[in-house]
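Peer 1: Letter by letter, the chains look like this.
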Amino acid sequence: MAMITKSTELLKAQENGLPVVALESTIITHGMPFPQNLETARMVEDDIRAAGAVPATMAVIDGTLHAGLEPDQLEALAQARDVDKVSRADMAVCMSLGRTGATTVAATMIAARLAGISVFATGGIGGVHRGAEDTFDISADLAELGQTAVTVVAAGAKAILDVPKTLEVLETYGVPVIAYGQPDMPAFWSRHSDLPAPLSMSSAQDIAKAHRMRAALGLPGGQLVANPVPEEDEIPAAQINPIIAQALAEATEQGITAKQVTPFLLQRIFELTEGRSLVTNIALVRNNARLAAEIAHHLV
Amino acid sequence: MAMITKSTELLKAQENGLPVVALESTIITHGMPFPQNLETARMVEDDIRAAGAVPATMAVIDGTLHAGLEPDQLEALAQARDVDKVSRADMAVCMSLGRTGATTVAATMIAARLAGISVFATGGIGGVHRGAEDTFDISADLAELGQTAVTVVAAGAKAILDVPKTLEVLETYGVPVIAYGQPDMPAFWSRHSDLPAPLSMSSAQDIAKAHRMRAALGLPGGQLVANPVPEEDEIPAAQINPIIAQALAEATEQGITAKQVTPFLLQRIFELTEGRSLVTNIALVRNNARLAAEIAHHLV
Amino acid sequence: MAMITKSTELLKAQENGLPVVALESTIITHGMPFPQNLETARMVEDDIRAAGAVPATMAVIDGTLHAGLEPDQLEALAQARDVDKVSRADMAVCMSLGRTGATTVAATMIAARLAGISVFATGGIGGVHRGAEDTFDISADLAELGQTAVTVVAAGAKAILDVPKTLEVLETYGVPVIAYGQPDMPAFWSRHSDLPAPLSMSSAQDIAKAHRMRAALGLPGGQLVANPVPEEDEIPAAQINPIIAQALAEATEQGITAKQVTPFLLQRIFELTEGRSLVTNIALVRNNARLAAEIAHHLV
Ligand SMILES: [Mn+2]
Ligand SMILES: [Mn+2]
Ligand SMILES: [Mn+2]
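Chains as they are written, first to last, in the numbering used here: chain A, 1 to 300; chain B, 1 to 300; chain C, 1 to 300.
Careful, some of the hints might be misleading.
A pair counts as met if it fits within one copy or between any two copies, since identical chains are not told apart.
Claimed, not checked - Computed cross-link-like contacts, DSBU-like style, restricted to lysine-lysine with a CA-CA straight-line distance of at most 30 Å:
1. Lys209 <-> Lys259
2. Lys85 <-> Lys209
3. Lys6 <-> Lys209
Calculated directly from the structure, the hints in this document are not laboratory data. A quick note: this is a predicted structure, and the numbers were derived from the prediction, not measured.
Please take these sequences and the hints and turn them into a complete structure.
Peer 2: Structure below.
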C-alpha cells in the first residue's frame, strides 16, 4: 500500500510542467447529496481544465492518500458512506487504519504539499467559531495556513464564523490575507463585508510572486486569497446577514452545540434562502477554481 | 560537560534495538514527598521493565540533560531541593546555568526526541486552565504535542483543568487525541467523562502504526493517548466531581491565583479524598507505563 | 533585484567575526516625526558602535530587504511617506510588489535570522492587547519569538498592552522571558511591575550561553530579555499607571478601536506626560541597544 498515489492526469501534468490546482473532498462527501455532489465536483474539475490547468482532488481511499482521483474513484467517493472528515489531527489515523476520508482545508494543504502542488481552491476556510471566546473552538485550518506553503483561494472564511476574530488569528499566525480585486474582505455568499482586508491584489501574477517570495524568505506558511463571488451569483450582505442571524438565534434556542452547529446553520440558511445559498456556494467554488488555475499558471 | 547523557541501561537498549519508554521527573520532585516519590519512580520503571521495555527517566542534573537515570541519580533527585520545574521555555536556561531541573510533559517530549525515544508515559498532561478565557493560562504541553513527534500516554488532561477547552486547543494544533479502549475521554481519576474522544483505538499496534504514519506524512507533532485508569483503582466521576468543585470553590474564596492554584487544588483533593486521589494517581501512572511499553514494542 | 542586501558595515563585520546587533525600523517610520526619528536612529546605531558592535537596521526598500542601511538610505527612510509596516504576514508581499516597508519586531527577527544575526534591540515588543479575551488581538511578535532563534532585548511588552496575558502566551509558546538584573518584569516606561519574571539573569554572558544552549537543543525559538529602563530615565509606575488608565478610558469613551487604539494611546500618553514618555522611550531603546551589544560580544 503506497502512502500517496497520484492520478494519471496529475502524473502527466507534473512530468510536463503544467499548472495544477488541488481540490478538497469534504464538499463532496459532507457538503451536498448525491448526485449533485458528483456533478459539482466534475464541474469544478472541468473549470480548472478549461482554464488550462489540471485538477487534483485529494482524498484518502482505503488508507491511501490520493492526489487526484480517477473518474471511477470520484464517482465511488461521491456515493461512499461512513467517510471520515479528516483534518491535520486525524489524517494519519485514517490512513493507518486503512479507512476512507475526505480532506478538509487543513488536510488538503498537507496533501497538496506532499504532492508538490502549490495552489488549492475551496469554498470557504474554517476559522474562529462565534462564541470561541468561551468555547475556544478554532479550526485547524488557521494554524495550517501558518505552517504549510500552499496558497488557498477561498471566498473568505465561512460567513457563519466570527470573521473579525478569524482575521486576528491569521495575523497572529503571520498569514497573508489577500482580498482579490477589492479593498475589503468578501463575506462568502456576499461580495462585501465592512472589514478592510489586510492586503489586496488584482493580479494572479502578483499573488504567485508573493507566494514565491514567501518561500524564498524561508517562511513556512501559505497565503489566503479571499476571492469575492461574482456579482451575478452573490446574495448581498443586506439579504444574507439577517438570515445568518436568524439561523444563529435558532441554534441557540434549540440548544445546538459543538460539531452540530455548522451543519445546522448551513441547513437552515439553505432552507431560509430557498436553496439559493447552495447555488451561490457552487458558483463561488467554481470562481475560486478559475482564479486558482490562473495563479497556478504563474507558479510553474 | 556533555549536553545529553544516556544511562547505561538506555545505551544498551538502543544498541540492541529494544523498546524504550521515556518518563518525566516533575512527579518525583514536585508531585510527592520523599520517600514515596522514590518508591513510586522505581515501581513505574520496574513496570516498564516487567513489560519487556526499558525506562528512561528524564532530568537535568547540574546542567546536563540525562536520558535515563542511574539508580544513585534517581535517589539523589528524589531528595534534592531547589529543583527547577522545566518546560520548553526554561529548559535551555536551566542547562546553561548548570542547574538541576525536573522535566514537565513538554520538556520530557523534547528530551525524548533528542534521545531518539518515541513513547512517553505520564499521569496527566497540562492543558487549558479553568478560567483561561480570562487569564489565557494554557500549558506549553499542548503546543509541544503539536510540534514534537512523541506519543504521550496519559490518563487524559488533569481533571482540575478545563478539559473541553483543552480538546479544542489540541484540535486547533492538529494533535490526534486517541482514547484507549473506549469511545469517551477518560477524566484522570475517573474512567469516564461525558466527552466523546476525537479518536478511539483498542490496540497498541494501531497506535504505533498511526505514530509511524504521522512521521511518514512529514507531520511534526505527537499523539496523545488517553488511557483510562483501571476500574479497580478509579474514583468514579460521581464521587470525584463534587470534590473537584469544592476545591475549586475554596480556591476562589481564598483568593488563590496563578501558579498557586494547581498545588492548592491537588492538596485539597488529596485531603478531601483522604489520600485516595494519590493512590489513584500512582495506579494510573503505572497503567500508562504498561501501555506505553506495549506501544514501544511496536515501534522498534 | 537581490532578495537581501547587506550594508558595507555589516558585510565587513561578519567577515571579521565582529558582534552585530539588529535594529527595527518602524520606530523610525511610524514612531517619531522627522528629524527626531533620524537623530534617534543614528544615536542608537552609534550607541552600538560605541559598545564595540555593529548595528544593522532592517528595512525593505523598493522590494529589497536591507540588513543594515547606508547613511543615505537611513536618511531617505526617515523622510519616506507611505511606508508599509511589515510583520510576518505582509513581508513577502511588500517585497514582491517592490514596495518600501519598515520592519516590526516579528519582521526584524525574520530579517535578522536571514542575515545571520542573533541579537536584536528594540523598545518594547507587541503582545496581547487589552480586551483580547473578546477581540483576539494578539501581536505576531509572540509567535515569532516561539519560532525564530533571535534574542530580543526590550523593556518588556509595551505597557499599554495586557502584560499578564502576554506572559501567559509566551509561556504557552515556550519562550524564555528573562528579566535583566531584577526579579520582576520591567514595565516599559517604569523599571518595576508587580509581576514576577519567569526567569532572571544579571549577566550578558549568561544570556548568550542560554541562547546557544537553546540552539544546541534544536529548539527553534528565540529569547525575550526584559531590560528595565535606567532609573534616571524611568517614569515610575505610580506616575505612569494612572496616565495609562486615563488614556485607555478616553479611547473607550471616544470609541477608538482596532488599529487606531495603539497610536491613540501613545499620543495621549505623550500629551499627558508633556513629552516625557517619548524621552523615556528613547532612553530605553538606547539602553537596550547597549545590552544587546554586550550579549552580541558573547555570541561571536
Ligand atoms: Mn472545531
Ligand atoms: Mn500556565
Ligand atoms: Mn493586532
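Peer 1: So which of the earlier hints does this model not fit?
Peer 2: Violated: none.
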